[in-house]
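Asker: Take the sequences, apply the hints, and build the full model.
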Amino acid sequence: MDNTSMGRYWSEDADNYDGIVRSELQSFRVSAWTALFESRLKPASRVLDFGCGPGFFTVLLAGLGHAVTAVDISSRMVRAAARNAAEFAPEALAQGRISISHCETGLREFEPGTFDAVVMRNVIWTMKDPARFYGDCRRVLAPGGRLLVFDANWNLPLFDEALAARCAERERLCIERYGSTYDGPAIEEPLDCRALPLSRRVRPAWDVRTLHMLGFAGVEAEHDLTDRLWDDKERLLYGETPLFCVTGERPAEGARARAAA
Numbered sequence: 002m003d004n005t006s007m008g009r010y011w012s013e014d015a016d017n018y019d020g021i022v023r024s025e026l027q028s029f030r031v032s033a034w035t036a037l038f039e040s041r042l043k044p045a046s047r048v049l050d051f052g053c054g055p056g057f058f059t060v061l062l063a064g065l066g067h068a069v070t071a072v073d074i075s076s077r078m079v080r081a082a083a084r085n086a087a088e089f090a091p092e093a094l095a096q097g098r099i100s101i102s103h104c105e106t107g108l109r110e111f112e113p114g115t116f117d118a119v120v121m122r123n124v125i126w127t128m129k130d131p132a133r134f135y136g137d138c139r140r141v142l143a144p145g146g147r148l149l150v151f152d153a154n155w156n157l158p159l160f161d162e163a164l165a166a167r168c169a170e171r172e173r174l175c176i177e178r179y180g181s182t183y184d185g186p187a188i189e190e191p192l193d194c195r196a197l198p199l200s201r202r203v204r205p206a207w208d209v210r211t212l213h214m215l216g217f218a219g220v221e222a223e224h225d226l227t228d229r230l231w232d233d234k235e236r237l238l239y240g241e242t243p244l245f246c247v248t249g250e251r252p253a254e255g256a257r258a259r260a261a262a
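Residue numbers for the sequence shown follow our numbering, beginning at 2 and rising by one.
If you are wondering where the hints come from, they were derived from the structure by calculation, not from laboratory data.
Computed beta-carbon distance windows for the label pairs:
id: 1; residue 1: 144; residue 2: 183; range: 38 to 46 Å
id: 2; residue 1: 185; residue 2: 129; range: 19 to 27 Å
id: 3; residue 1: 76; residue 2: 36; range: 28 to 36 Å
id: 4; residue 1: 186; residue 2: 41; range: 34 to 42 Å
id: 5; residue 1: 176; residue 2: 213; range: 35 to 43 Å
id: 6; residue 1: 253; residue 2: 233; range: 40 to 48 Å
id: 7; residue 1: 163; residue 2: 105; range: 32 to 40 Å
Mimicking DMTMM-like on lysine to aspartate or glutamate, the simulated pairs with C-alpha atoms at most 20 Å apart in a straight line are:
id: 8; residue 1: 234; residue 2: 25
id: 9; residue 1: 234; residue 2: 184
id: 10; residue 1: 43; residue 2: 250
id: 11; residue 1: 234; residue 2: 177
id: 12; residue 1: 43; residue 2: 221
id: 13; residue 1: 234; residue 2: 170
id: 14; residue 1: 234; residue 2: 172
id: 15; residue 1: 129; residue 2: 3
id: 16; residue 1: 129; residue 2: 105
id: 17; residue 1: 129; residue 2: 110
id: 18; residue 1: 129; residue 2: 193
id: 19; residue 1: 43; residue 2: 254
id: 20; residue 1: 129; residue 2: 190
By construction, the Cβ of each residue, glycine as well, lies at the ideal position given by its N, Cα and C atoms.
Answerer: In structure tokens form, the structure reads like this:
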């Protein structure tokens with residue numbers, strides 16, 4: 002699946018995802034995620050929100066005073082992000098602290114050391130070459146800059162029958178209790194999740210190993226953030242594949258020089 006096809010896939014889901022994000026922007030998640038970002042990012046940073054979707058992180062990060070560059074492979078997601086920024090972060094938008102654009106070229110358009118932080122949610126699992134992408138993240142980070150990745154083992158049930166059965170039971174209970182899951186209308190653009198390289202990997206262990214090999218410093222993983230960031234419905238539906246966080250830093254120039262010595 003090339004980038005253009007991936008963009009079409011996510012554009013088909015844009016309205017559904019936008020509805021989810023707009024609900025998030027009017028819930029406890031705003032204060033929960035804001036507290037998390039305050040503890041992990043330096044003030045007034047240059048932040049890249051990669052795979053921004055409808056702009057949930059974009060809005061929150063701008064609200065904290067960061068200068069946010071938000072990009073997404075889907076043109077419809079970009080339009081949704083722009084609408085939500087205008088509604089939920091108008092002051093930051095007017096001050097020029099938010100830039101939102103369509104991007105199918107990954108990180109190639111950005112110069113080395115452009116950002117103090119790169120953040121993303123539910124993006125790495127879609128990558129055709131995630132290790133290379135992590136290397137690109139290191140390149141665009143300034144020395145001492147931080148990578149902050151939130152994701153889950155969304156497709157691991159495709160390769161684990163017992164896990165798949167538990168997930169199916171959670172979906173049944175979710176529909177019984179809440180009347181729905183978070184799925185929108187059927188998407189026509191094909192996406193073979195089995196073919197994605199991270200679908201069968203157990204994460205975040207894979208991410209931690211890869212970031213170490215690429216020369217990131219201070220690599221850490223938090224395996225389950227659901228108590229802080231998910232509501233009861235999400236914990237019921239997705240409890241077998243909890244949200245995790247992986248962080249790493251591009252070593253500061255001084256630290257790299259000391260290591261070489």
